[in-house]
Amino acid sequence: MSEVATVSVDERIARPGLFGRLAVRPEIGALLGAVAVFVFFSLVARQFVSPAGIATWLDDAATLGIVAVAVALLMIGGEFDLSAGVMTASSSLVTAILATQLGLNVWLAVLCSLVFALAVGAFNGWLVMRTRLPSFIVTLGTFFALQGLNLGITRLVTGTVQVSGIRSVPGYAEVGYFFASTFSLGGTTFQVSVLWWIGVAAVASWLLVRTRFGNWIFAVGGSAPSSLAVGVPVVRTKIALFMTTAGAAWLVGTINILRFTTVQANQGIGLEFQYIIAAVIGGCLLTGGFGSAVGAAIGALIFGMARQGIVYANWNSDWFQLFLGIMLLAAVLVNNSFRRRAERVRR
Amino acid sequence: MTTPLLEVTEVGKTYGSVIALREVSTVVNAGEVTCVLGDNGAGKSTLIKILAGLHQHDEGEFRIEGEPVRLGSPREALDRGIATVYQDLAVVPLMSVWRNFFLGSEPTKGFGPLRMLDRKQGREVTRKALAEMGIDLRDVEQPVGTLSGGERQCVAIARAVHFGAKVLILDEPTAALGVKQAGVVLKYVAQARDRGLGVVLITHNPHHAYPVGNRFLLLKRGRSLGCFEKADISLAELTRQMAGGAELEALEHELRGAVS
Numbered sequence: 001m002s003e004v005a006t007v008s009v010d011e012r013i014a015r016p017g018l019f020g021r022l023a024v025r026p027e028i029g030a031l032l033g034a035v036a037v038f039v040f041f042s043l044v045a046r047q048f049v050s051p052a053g054i055a056t057w058l059d060d061a062a063t064l065g066i067v068a069v070a071v072a073l074l075m076i077g078g079e080f081d082l083s084a085g086v087m088t089a090s091s092s093l094v095t096a097i098l099a100t101q102l103g104l105n106v107w108l109a110v111l112c113s114l115v116f117a118l119a120v121g122a123f124n125g126w127l128v129m130r131t132r133l134p135s136f137i138v139t140l141g142t143f144f145a146l147q148g149l150n151l152g153i154t155r156l157v158t159g160t161v162q163v164s165g166i167r168s169v170p171g172y173a174e175v176g177y178f179f180a181s182t183f184s185l186g187g188t189t190f191q192v193s194v195l196w197w198i199g200v201a202a203v204a205s206w207l208l209v210r211t212r213f214g215n216w217i218f219a220v221g222g223s224a225p226s227s228l229a230v231g232v233p234v235v236r237t238k239i240a241l242f243m244t245t246a247g248a249a250w251l252v253g254t255i256n257i258l259r260f261t262t263v264q265a266n267q268g269i270g271l272e273f274q275y276i277i278a279a280v281i282g283g284c285l286l287t288g289g290f291g292s293a294v295g296a297a298i299g300a301l302i303f304g305m306a307r308q309g310i311v312y313a314n315w316n317s318d319w320f321q322l323f324l325g326i327m328l329l330a331a332v333l334v335n336n337s338f339r340r341r342a343e344r345v346r347r
Numbered sequence: 001m002t003t004p005l006l007e008v009t010e011v012g013k014t015y016g017s018v019i020a021l022r023e024v025s026t027v028v029n030a031g032e033v034t035c036v037l038g039d040n041g042a043g044k045s046t047l048i049k050i051l052a053g054l055h056q057h058d059e060g061e062f063r064i065e066g067e068p069v070r071l072g073s074p075r076e077a078l079d080r081g082i083a084t085v086y087q088d089l090a091v092v093p094l095m096s097v098w099r100n101f102f103l104g105s106e107p108t109k110g111f112g113p114l115r116m117l118d119r120k121q122g123r124e125v126t127r128k129a130l131a132e133m134g135i136d137l138r139d140v141e142q143p144v145g146t147l148s149g150g151e152r153q154c155v156a157i158a159r160a161v162h163f164g165a166k167v168l169i170l171d172e173p174t175a176a177l178g179v180k181q182a183g184v185v186l187k188y189v190a191q192a193r194d195r196g197l198g199v200v201l202i203t204h205n206p207h208h209a210y211p212v213g214n215r216f217l218l219l220k221r222g223r224s225l226g227c228f229e230k231a232d233i234s235l236a237e238l239t240r241q242m243a244g245g246a247e248l249e250a251l252e253h254e255l256r257g258a259v260s
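Listed in order, the protein sequences are those of chains A and B.
full-length UniProt numbering numbers the first residue of the first sequence as 1 and each following residue consecutively.
full-length UniProt numbering numbers the first residue of the second sequence as 1 and each following residue consecutively.
Bear in mind the hints are in silico, worked out from the structure with no lab data behind them.
You may find that some hints are simply not true.
What the hints assert, rightly or not - Which chain B residues face chain A? A few, computed with CB under 8 Å, are given here:
(1) Val91
(2) Pro93
(3) Leu94
(4) Met95
(5) Leu103
(6) Glu106
(7) Thr108
(8) Lys109
(9) Gly112
(10) Met116
(11) Leu117
(12) Leu225
All of these numbers come straight from a predicted model, not from anything done at the bench.
We put the CB at the ideal spot given by N, CA and C, even for glycine.
The task is simple: from the sequences and hints, build the whole structure.
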């Protein structure tokens, strides 16, 4: 969708300038927003642009962005997942309980929790497709069910509402190297989560605009009956998207448990909305069929910069919520006007 | 005389106790347009659903190129070269023209997990296929939603032609269109016909059917009023038959009485 037609350009279309070409991209609003937020906090708080400051808000953006990108794909496919936030905690808990209570090697524990996450994702997708109910309500059910399981099972197994002690389990150091280590760039220490975030965003973008599967994601979100009529496997595509989202939540859950070595059973609640907000800021339509994976990653970046910027500026973090609300409304208005332009029927 | 592409003889269909279609016969030849005309509830939809593989007939015979068949699914109909363009089920509005054109049959390049869309080929083939049908689009990257209703129908028709359909079934392609747009769509129907496809055109407008049709199947309340060759029927007669013949005259008389 990015390149302007290369072959035999029609004389009736004036070659659009750089601005014209950028203006139709779904992530342009997010990009401008990110620049504005960056400039604003750079002026307000010196620490914000210090290398250590940058590393901090990049990490914040990364753990949000990994799931936000997957949620963006799901939203382009026309569905929601409200269980994604709690899923991050569930994955951490499964890994932690298997490793600390059953003494499983961390590799094995992490693998088991991946299987668990994918199974929950597949269940979400299957139930949505089977019942034809809105995914909003189905995953709201999964959200509460997981929340209850997280607390109930944790209390049952450990007697408290947290699991800790994974550090002493065999395999911790090796797995931690992949998910929770740090790397140094120009003398500043960055979390490895930043690399995961960039990697996930790049792969998701490539998938979305360059592959058949990506074409199907747009199609099932844009019009499922039309897609079915031309032979697109609608059910398979949507279930795969729910599994991708759960898989991304697992990745963040794994990063969290290995970095902090402790997990609270009530973690992750409320994150699901942040993912959706980041995806919407990044240009995803709530009605599906349009959006961008890179946009969602940038949406998460805005989140990270604003949340940490407010801390650096020594403001009360209450203001962050106000900022979020305004960003969301602005993004929805911009997206809506775009859709009207794209769907307008010329007679 | 060669074997017709499609031939139905005395087909009938009942839904429970409702007789939706009874003793209807017609043929579809390559390079010809068979028009199915009738008012609402005449059985047009039932007939095309049988042809498109959505429903199965209960009575009579349905032959594809001489071979008696019962189609189990729309996919089976497609595999036998019968493509159906439904009124609104044709395209995804937010996707670009070329992505719509190839949806479900995307061209790819590369191997294994790195297999990706061949976007350049997709755009070029779409542009060429549309141009061959005489459809001149400014930009195949624009969303289909920005096209007019008639242009969308044309893209769907071009897609069916490109992917090797032998028979094209068009369900009320002109119903929601203005006069000019309807004319454009009919032009592409004629294009498809001239390229050797057999076309089944469903409509309730005899003025749209007459200029492009070779044969007119008239349905009324699930029964056939007859299948006429173009030489055997005039537009005026077709309109009169469609509207219910004698009934219309009575109605006209009544209206005249009421006005004066």
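Going through the hints against the structure:
1. Interface restraint check for Val91(B): the shortest CB-CB distance to chain A comes to about 6 Å, inside 8 Å, so the restraint holds.
2. With a cut of 8 Å, the hint placing Pro93(B) at the interface with chain A holds, because the nearest CB-to-CB distance is about 5 Å.
3. With 8 Å as the threshold, the beta carbon of Leu94(B) comes within range of chain A, its nearest partner Cβ sitting at about 4 Å, so the hint holds.
4. For the restraint placing Met95(B) at the interface with chain A, the shortest Cβ-Cβ distance is roughly 5 Å, inside the 8 Å limit, so the hint holds.
5. Because the closest C-beta pair between Leu103(B) and chain A is about 5 Å apart, less than 8 Å, the hint holds.
6. At about 5 Å, the closest approach between the beta carbon of Glu106(B) and any beta carbon in chain A falls short of 8 Å, and the interface hint on this residue holds.
7. For the restraint placing Thr108(B) at the interface with chain A, the shortest Cβ-Cβ distance is roughly 6 Å, inside the 8 Å limit, so the hint holds.
8. Interface restraint check: Lys109(B) against chain A, minimum CB-CB distance 10 Å, threshold 8 Å, status violated.
9. Contact between Gly112(B) and chain A, as hinted, is not supported at the beta carbon level, the nearest pair being about 12 Å apart and thus beyond 8 Å.
10. Restraint check, Met116(B) versus chain A: the minimum CB separation of about 4 Å is within 8 Å; hint holds.
11. At its closest, the beta carbon of Leu117(B) sits 6 Å from a beta carbon of chain A; the interface hint therefore holds under the 8 Å criterion.
12. The closest approach between the C-beta of Leu225(B) and any C-beta of chain A is roughly 31 Å, which is over the 8 Å cut-off, so the hint fails.
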